[in-house]
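*Asks:* Each chain, letter by letter, is given below.
Number of protein chains: 2
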Amino acid sequence: MSVGEDGTPVGGGRAGWVAEALREHEEQDERERHDHADVGRRPLPADREQQVLDRIDRARRRRPKVREERITMSHGAGGKATQTLIEAVFLDTFRNPRLEQLEDAARLDIGGARLAFTTDSYVVSPLFFPGGDIGDLAVNGTVNDLSVSGATPLYLSAGFILEEGFPVADLIRITESMQAAAAVAGVQIVTGDTKVVEKGKADGCYINTAGVGLIAQDAPELGVALARPGDAIIVSGCIGDHGVTIMLARGELDIEADLQSDTAPLNDLVRSLLAATGGVRALRDATRGGVATILNEIAKSADVGVLVREDAIPVRTEVRGASELLGIDPMYVACEGRLVAVVDETPRLLVQSGLAGRACG
Amino acid sequence: MSVGEDGTPVGGGRAGWVAEALREHEEQDERERHDHADVGRRPLPADREQQVLDRIDRARRRRPKVREERITMSHGAGGKATQTLIEAVFLDTFRNPRLEQLEDAARLDIGGARLAFTTDSYVVSPLFFPGGDIGDLAVNGTVNDLSVSGATPLYLSAGFILEEGFPVADLIRITESMQAAAAVAGVQIVTGDTKVVEKGKADGCYINTAGVGLIAQDAPELGVALARPGDAIIVSGCIGDHGVTIMLARGELDIEADLQSDTAPLNDLVRSLLAATGGVRALRDATRGGVATILNEIAKSADVGVLVREDAIPVRTEVRGASELLGIDPMYVACEGRLVAVVDETPRLLVQSGLAGRACG
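Taken in sequence, the protein lines are chains A and B.
So the first sequence is numbered by the working numbering: it starts at 19 and just counts up by one.
So the second sequence is numbered by the working numbering: it starts at 19 and just counts up by one.
Chain A extracted, bound-state conformation (with noise of 0.2 Å):
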């Protein structure tokens, strides 16, 4: 659980980090100061907090390109590479004020009708393992970004993409936990498309999923665009389980663990959340490049900073051991049914949500 008994937040750019970190730095150099005795060769402290804000500042405002010239990996994996590919070509092309805004979903005024819309694309490998599998995650990922957005998830799209062999029995055991997972959210799935392509074009089967949502007419605004100093941060439970789980699955590493994917749909979580405190800002489902993703683009989109308290954060243990054996950090691990919540007061409120008793076992 992401608030401890007495609502210590997980982290949250507070009115004093700033403060904080500047009295941190001066103590520092004080110490560096009395060891070397040695002050005229560096600039006041003030001056280099300012430096270094200014170097980050201007990185921010640089115009984004991609300096590959063929697509890597990295451009999949939801950190900085991704984040640029999107910007430079994307956002660039495509530029409109609702691509924008490059939150989970866009929201679009239809009709007198106030919506979201998003779409993911799956491509997991194995796409079965221990938790679930592609069906399940294709349309709990989809609910999520469309209940993050302040939507009630209504309808799914779902785009296959299949390899030439791949096994009915398996296509129909994924269909089927689809259709199960779209019970469980309260979401139809209403219109569909099969590609086939030739063995060897594909891993087996990819979905693409895209969802419509209704936002209703009193719902508030949110984006981690609204995050202020000040806000605490929470995150819903455990991190990491899903990607340990599918790296484990793989089973291209001699690791064994109890692990299990965190596959599940957010809306009820999102609804109770929203039903017990107007004051979220803005709402994220942690899934490619972890909840430390989500930070960064709440403090790059805000223009604020934010402070984590790393021990605050539950890892079971289990993640936290296989991610030492593969030199990652479970800050920067996928999960799959995880809501990380910027809310504009001390979480002690939230305890009273639902978010309290998802103890991390």
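Errors might be hidden in some of the hints.
Because identical chains share one entry, a pair is satisfied inside a single copy or across any pair of copies.
Here are the simulated DMTMM-like cross-link-like pairs (lysine to aspartate or glutamate), alpha carbons at most 20 Å apart as the crow flies [to be verified]:
| id | residue 1 | residue 2 |
| --- | --- | --- |
| 1 | Lys83 | Glu239 |
| 2 | Lys217 | Asp329 |
| 3 | Lys217 | Glu86 |
| 4 | Lys219 | Glu105 |
| 5 | Lys83 | Glu363 |
| 6 | Lys98 | Glu182 |
| 7 | Lys83 | Asp188 |
| 8 | Lys219 | Glu182 |
| 9 | Lys98 | Asp276 |
| 10 | Lys217 | Glu270 |
| 11 | Lys217 | Glu87 |
| 12 | Lys83 | Glu194 |
| 13 | Lys318 | Asp110 |
| 14 | Lys217 | Asp110 |
| 15 | Lys318 | Glu86 |
| 16 | Lys217 | Glu182 |
| 17 | Lys318 | Asp75 |
| 18 | Lys217 | Glu181 |
| 19 | Lys98 | Asp75 |
| 20 | Lys219 | Asp236 |
FYI, nobody ran anything at the bench for these hints, they're computed from the structure.
Chain A is fixed; fit chain B onto it per the hints.
*Replies:* Just chain B now, kept in the frame of chain A:
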């Protein structure tokens, strides 16, 4: 053009078609009776007709079942195997009234608005071909699926599956082509997703587009199931251009022809057709499976027969020639900018709607 100067329809399930078919049948029987002077061993003509019709009827009512254990290319070709896969797997699992219409787009009522929602994945090879590329194809295809459901196409999503090593310059060329097509059709690409798969696990670039459109409150109900005996069927231009262009562009055949894809948005044409006559029963865009597959869908959904005057269907000399060499029927070859309309009146009126003058060069 599908409508001759005298207003002759391409084909039509006319009131008199059964009588005509029976008369032809009786004439043939009469000839055979004359040739062989052998009447006793054959059932009466009317009985035989009924037997054939009964057999077709039984086949239609049979519960579809995928007999193959593995997916084959034919499951993606848009013909009978695709139809069986859709009905036996997707329809059977996802069963709900919106999906069961099996139209090009689902019709949804959300927040007081009537919407159309559709999806399509594009896996064309080669990615660039005379007259277009995967980018404008992906935009036009979804624009057309929305248009033929009687909706005004508004917003599209774009999901990319890229193969590791894919040239960034090609991706930029594709997105620019998508943006140009979106501008022509008057739609916006408002949400997207990018995944990268390992080298050898995709064919460069696959694109999924989903689309949302608005159906006017006074829009006519449309659907192939509404076709009735006596209706005329119109095709908006030459058929098979796209499919044959792609086959030739693959370069596997030693044929050259001055031919290009017919990829184009149909929303303007649909709008003017619906404005010209209140008698439109159904609209389809002829893609995979060609015009013949649509005629089959009409026959099956509406439980009617379709009479086709093949010589009234416009086919370019190059398409006819290449089809003959390849041993395929242009009626089953893909188009990407051809409207098939079922109308409840003589098509003379439609000549005024902008369908006239669409000469097949």
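*Asks:* Each hint should be assessed against the structure and marked as holding or not.
*Replies:* A quick look at each hint next to the structure:
| no. | hint | in the structure |
| --- | --- | --- |
| 1 | Lys83 / Glu239 | neither (31 Å within a copy, 48 Å between copies) |
| 2 | Lys217 / Asp329 | neither (47 Å within a copy, 38 Å between copies) |
| 3 | Lys217 / Glu86 | between (29 Å within a copy, 16 Å between copies) |
| 4 | Lys219 / Glu105 | neither (28 Å within a copy, 25 Å between copies) |
| 5 | Lys83 / Glu363 | neither (38 Å within a copy, 57 Å between copies) |
| 6 | Lys98 / Glu182 | between (34 Å within a copy, 17 Å between copies) |
| 7 | Lys83 / Asp188 | between (41 Å within a copy, 15 Å between copies) |
| 8 | Lys219 / Glu182 | both (9 Å within a copy, 12 Å between copies) |
| 9 | Lys98 / Asp276 | neither (31 Å within a copy, 45 Å between copies) |
| 10 | Lys217 / Glu270 | between (23 Å within a copy, 18 Å between copies) |
| 11 | Lys217 / Glu87 | between (27 Å within a copy, 15 Å between copies) |
| 12 | Lys83 / Glu194 | between (42 Å within a copy, 16 Å between copies) |
| 13 | Lys318 / Asp110 | within (18 Å within a copy, 46 Å between copies) |
| 14 | Lys217 / Asp110 | neither (35 Å within a copy, 26 Å between copies) |
| 15 | Lys318 / Glu86 | neither (23 Å within a copy, 52 Å between copies) |
| 16 | Lys217 / Glu182 | both (5 Å within a copy, 18 Å between copies) |
| 17 | Lys318 / Asp75 | within (9 Å within a copy, 63 Å between copies) |
| 18 | Lys217 / Glu181 | both (6 Å within a copy, 15 Å between copies) |
| 19 | Lys98 / Asp75 | within (16 Å within a copy, 59 Å between copies) |
| 20 | Lys219 / Asp236 | neither (47 Å within a copy, 45 Å between copies) |
The structure shown violates the earlier hints numbered 1, 2, 4, 5, 9, 14, 15 and 20.
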